[in-house]
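Number of protein chains: 2
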Amino acid sequence: MIKILDCTLRDGGYYTNWDFSKELVSTYLESMNMLPVDYLEIGYRNNPMKDYLGEYFYCPSYLLEQVKEASDKKLVIILDEKNVLPVHVDNLLKPCVGIIDMVRIALDPQQFGRALKLAERIKAMGFEVGFNTMYMSRWREFPAFLEDLRFVDQVADYFYMVDSFGGVYPQDVIETINLIREKTNIKLGFHGHNNLELGLINTLTAIEHGVEIVDATITGMGRGAGNLKTELLLTAMNAKDGLEVDFNALSKTVDGFSQLQQSYGWGTNLPYMVSGANSLPQKNVMEWVTQRFYSFNSIIRALNNQKQKVKDN
Amino acid sequence: MIKILDCTLRDGGYYTNWDFSKELVSTYLESMNMLPVDYLEIGYRNNPMKDYLGEYFYCPSYLLEQVKEASDKKLVIILDEKNVLPVHVDNLLKPCVGIIDMVRIALDPQQFGRALKLAERIKAMGFEVGFNTMYMSRWREFPAFLEDLRFVDQVADYFYMVDSFGGVYPQDVIETINLIREKTNIKLGFHGHNNLELGLINTLTAIEHGVEIVDATITGMGRGAGNLKTELLLTAMNAKDGLEVDFNALSKTVDGFSQLQQSYGWGTNLPYMVSGANSLPQKNVMEWVTQRFYSFNSIIRALNNQKQKVKDN
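Chains as they are written, first to last, in full-length UniProt numbering: chain A, 1 to 313; chain B, 1 to 313.
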């Protein structure tokens, strides 16, 4: 049976700086208790940073306990490999023991060796471990990473393909699964973005080809163009496979996040489509779009220049 | 070479009651002149109706001439088979001669016989003829229609599959193409809706399997959840197939319609997902959603009742 992980609070935090109102989170957790979702990823754990970042960027003990109290689901936090060394693991994760079921690692495939070491420490503390490995469309450019893939099942439970640019098509998903399967039999996951509105079909294709866990977020809330929408995945699986869905519970939490969406405006648009289709990083695009200072026109011009590798004019 | 038909003004009219400002239309036509779009469907031709309906519902002569003046593209109007008899054709289409290149017929497959007669009259006036045949997901339920399909190439140039509920998947598109191919070799078209965000992948699948003309609208503007977005199709074909796209021209017209979208709110959401996934008509859903009187929750409840064929509670 396919497992669904909802990471609305973690991935949606890119828009709210990881602050969410108590009411919104409470409705979200209640709704999730009624829905066929297996894991909730609630945020990052991080060492203190200079800039202000909200609760769900750090997930302090009191927050972990509140969520645990309110939720029947398996809980997940994620570590960003580039900010965390193995020596930090004990401090960061001790408060999670007994509360958090899975710890995921977001990683650049070029740092795969470092991530393996990190995972070893995490696994030793008794957590399930997931690898969220970025840039799946470029993995063939990293032979050392592909070579080392065979070590991953010793330290991890799930190995995710992340469509970081939001530019992969169903055929690419199938080819990437085959590429991994040459190296390891670890359980696979898929995290899709929605720049080209391919989140659903890529995810369903992944499931059809043996992926065992998939990510989604309510209203697609997430960095840049956002993610596969949880409500779309559940509605499709309800109609296609008879998955039981409490649509009242689902629409309550969708309503809450839809209101936030009116202010923050996540979702795809022409700049995100162009960045996705051409595998350009969406971090810049998100800054340009959300500032509302540049016209789409000038963003498109800048992206075209990136694409053709010429200087902005 | 695949042909693209943009029907923003025709299909978008469901939201604006077929009124559009002169500025918006002028930017749209100018942009389209710069883009690799072959046909523009600008509206309906209709006999006078009792209720108020805007210019693009009737496309009077002065409007046809203005658009012809401003546009380099092949122009299209559509007739709704249920409102038009063969005896009306001369009156409705005489003003179109020399201006309009293609006349499409929107039809229920159960009225296919009537549509063939209508098409005969239209063809005799020298127009290209397109059949926009609704409810593709239910065609197997209409054996008389399937049997009569073999007559269509005598009176029409294009035969469109319309995903009226927005619920078909790529595999369904392939199967429907095969179903038609048993009966006729007419050139095929595809008109996708976006309830499940499958507009792009269904359209690309259709093209891959020999469909020769596809519909799209700027920002997806169109009845209910709306259509495949023209900007998404062009961006994908630019990145995948090297189709030349003037992104400045594209983003100018996208900007204009995006502003309208803020007021009218077309695009998919949970109620449209549920209606699409379960092949429920989106006309009711659109009324409920746009009135903003009912909560999504109560709409979902009503849809669930329709799905289970019980009375509203």
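To be clear, the hints were calculated from the coordinates, so they are not data collected in a lab.
A couple of the hints might just be wrong.
Claimed, not checked - With a straight-line cut-off of 25 Å between C-alpha atoms, the simulated DMTMM-like cross-links for lysine to aspartate or glutamate are:
id : chain 1 : residue 1 : chain 2 : residue 2
1  : A       : Lys240    : B       : Asp241
2  : B       : Lys307    : A       : Glu175
3  : B       : Lys283    : A       : Glu175
4  : A       : Lys240    : B       : Asp172
5  : B       : Lys240    : A       : Glu175
6  : A       : Lys307    : B       : Asp241
7  : A       : Lys283    : B       : Glu175
8  : A       : Lys307    : B       : Glu244
9  : A       : Lys307    : B       : Asp255
10 : B       : Lys283    : A       : Asp255
11 : A       : Lys240    : B       : Asp255
To be verified - Stretch by stretch, here's where chain A covers chain B in the computed footprint (C-beta under 8 Å, at least three residues):
id : region
12 : 190-199
13 : 243-254
14 : 270-277
All C-beta atoms in this analysis are idealised placements derived from N, C-alpha and C, irrespective of residue type, glycine included.
These are the hints, each one checked on the structure:
no., hint, result
1, A:Lys240 to B:Asp241, "violated (32 Å)"
2, B:Lys307 to A:Glu175, "violated (37 Å)"
3, B:Lys283 to A:Glu175, "violated (40 Å)"
4, A:Lys240 to B:Asp172, "holds (13 Å)"
5, B:Lys240 to A:Glu175, "holds (17 Å)"
6, A:Lys307 to B:Asp241, "holds (15 Å)"
7, A:Lys283 to B:Glu175, "violated (40 Å)"
8, A:Lys307 to B:Glu244, "holds (14 Å)"
9, A:Lys307 to B:Asp255, "holds (22 Å)"
10, B:Lys283 to A:Asp255, "holds (22 Å)"
11, A:Lys240 to B:Asp255, "violated (36 Å)"
12, 190-199, "holds (count 5)"
13, 243-254, "holds (count 6)"
14, 270-277, "holds (count 4)"
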